[in-house]
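Participant: Got chain H; can you put chain Y on it based on the hints?
If you read the sequences in order, they're chains H and Y. The first sequence lines up with residues 66 to 336 when you count with the numbering used here. The second sequence lines up with residues -10 to 138 when you count with the numbering used here.
If you are wondering where the hints come from, they were derived from the structure by calculation, not from laboratory data. Keep in mind it's a predicted model, so treat the numbers as computed, not measured. There's no promise every hint is true.
Not everything, but these chain H residues come out facing chain Y in the computed CB check (under 10 Å) [said to hold, decoys possible]: (1) Pro143; (2) Thr147; (3) Val148; (4) Gly280; (5) Val295; (6) Leu298.
Which chain Y residues stay away from chain H? Per the calculated CB distances, all over 10 Å, these [stated by the list, open to error]: (7) Phe7; (8) Phe30; (9) Leu38; (10) Glu99.
Glycine included, every Cβ here is placed at the ideal spot set by N, Cα and C.
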Amino acid sequence: MKKKQAVTTQPLECVDISSYSPEFILCKALDIGENILKCGGEPYRIEDTITRICSSYGAIHTDVFALPSLIIAGIRMPDGTTVSQMRRVYKTANNMFRLEAMNDLSRKICDGRIELNGIDGEIENAVNQKPFNKYLVLLGGVLGAGGFAVFFGGTLSDAVAASVAGFFVSIFNMHKVKFRSRMLYSLVVSFIGAIVGLALFRLGVGDNIDMIMIGTIMLVIPGLAFGNAVRDLLFGDTVSGIIQLVQAILTAVMVASGFIAAIMVFGGVFK
Amino acid sequence: MTPVIIKIIAGVISTVGFAIIFRLKPSHWVFAAIDGLFACFFYFLFTELIGGNFWPNALAALISAFGAEMFARVLKAPSTVFLLPGCIALVPGGTLYYTMNNLISQNYTEAAHNLLITVEVGIAIGGGIIVASILHIAIYKFFQRFRSK
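The following block holds chain H by itself, in its conformation from the complex (with noise of 0.2 Å):
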């Protein structure tokens, strides 16, 4: 695991690194540990990202801790001079293209090919930039449900429906960050997959409700948050994983309630 190697970073050699305070530099490669956490990244991600930039920029020790929703790091320079700071991270969603950009420019701080005074805008850049149009994540949800309820062994008229339900979760997917609690938006959200796909399934689109709720339900429960938080474990980042496990078991209670709710509103059609 990259975890494991020592970071081996020089201090850079092409870019003047005593013009910057050390304030500056933690403060700076906090925002990008700050991104990579928003946008789904491991902890350990994070802490090899901190430690590489601020060993760079000239630091001769680096001590991060991160956690799924804060990052503690502390910098000791050359001189003497001993900074911390902390970064509490409200709201995270998976975002792969924004983690590959920050990782990115993470790499090119440590190159040198960028310096830290310009990477506000940097920053900004990457976070506004976008892979594709946003409405295609309907798309993205309509396949994922559909070919699930095939892939658990339903016929085609069950991954109609059950992408027809994965259209409405993914419409709520879109505004997930304006949720306030992440609980109740999975409660929400599945109690809406399961409403759309009991109804499609009494209006009798569909031959297995089981099969559209299973494809429905990939969508709403935490996906490998349950694995990741296991591998957390065994890696011993104990306290990121067991956050993350709580995280998971509570999603999935939420996403069982949600469902369960619609199931009795339909007054167990779910035979």
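Facilitator: Just chain Y, lined up with the frame of chain H:
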């Protein structure tokens, strides 16, 4: 019963769907799809060969995660980019649904049975991903040493 080949194709289609949901670059979709194909194909292969829930999922996750690490190294992207959509087909959504379906029909034995499978598969996927990343680093170091000699 749906034929396995159709299931695999469906799995790949939904992998692409999730690649869009996770907002991968369009140029990376095809690699995510190949990774998803690995996961689906080896999942069905090992289900046929070994059976059970743990090993097919763990081995499929291992192969898929290893593929993701390779793509990441070749394309100079973080490995998560390919890992997330690649392994999504292994996520135990079906058993989770049966868990709660049995819970509401007060069929507690079946519910507990499905819940345990869900947890088992989750652990299997996590384990597979870990072994893959350790293996990948080990192989990389081995080749590096080989090259420097």
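Participant: Would the stated hint for threonine 147(H) survive a check requiring a Cβ distance to chain Y of less than 10 Å?
Facilitator: violated (30 Å)
Participant: Holds or violated: is there a CB of chain Y closer than 10 Å to the CB of valine 295(H)?
Facilitator: Cβ of valine 295(H) sits 3 Å from chain Y, so the hint holds.
Participant: Against chain H, does leucine 38(Y) keep a CB gap of more than 10 Å to every residue?
Facilitator: It holds; leucine 38(Y) is separated from chain H by about 20 Å at its closest Cβ, greater than 10 Å.
Participant: Less than 10 Å between beta-carbons is the criterion; does glycine 280(H) satisfy it with respect to chain Y?
Facilitator: OK, holds: glycine 280(H) within 10 Å of chain Y, min 8 Å.
Participant: Measuring Cβ to Cβ, find out whether phenylalanine 7(Y) lies farther than 10 Å from everything in chain H.
Facilitator: Violated, because the least Cβ-Cβ distance between phenylalanine 7(Y) and chain H comes to about 5 Å, which does not exceed 10 Å.
Participant: Using 10 Å as the Cβ threshold, decide whether proline 143(H) counts as touching chain Y.
Facilitator: Since chain Y brings no Cβ nearer than about 31 Å to proline 143(H), farther than 10 Å, the hint is violated.
Participant: Please confirm whether glutamate 99(Y) is truly not at the interface, meaning its C-beta sits more than 10 Å away from all C-beta atoms of chain H.
Facilitator: At about 13 Å from chain H, glutamate 99(Y) clears the 10 Å cut-off, so the statement holds.
Participant: Would you check whether valine 148(H) satisfies its interface hint, that is, whether its CB is within less than 10 Å of any CB in chain Y?
Facilitator: violated (27 Å)
Participant: Check the non-interface label on phenylalanine 30(Y): least C-beta distance to chain H beyond 10 Å or not.
Facilitator: holds (12 Å)
Participant: Let's test the interface hint: is any C-beta of chain Y closer than 10 Å to that of leucine 298(H)?
Facilitator: holds (8 Å)
When held up to the earlier numbered hints, the structure conflicts with 1, 2, 3, 7 and fits the remainder.
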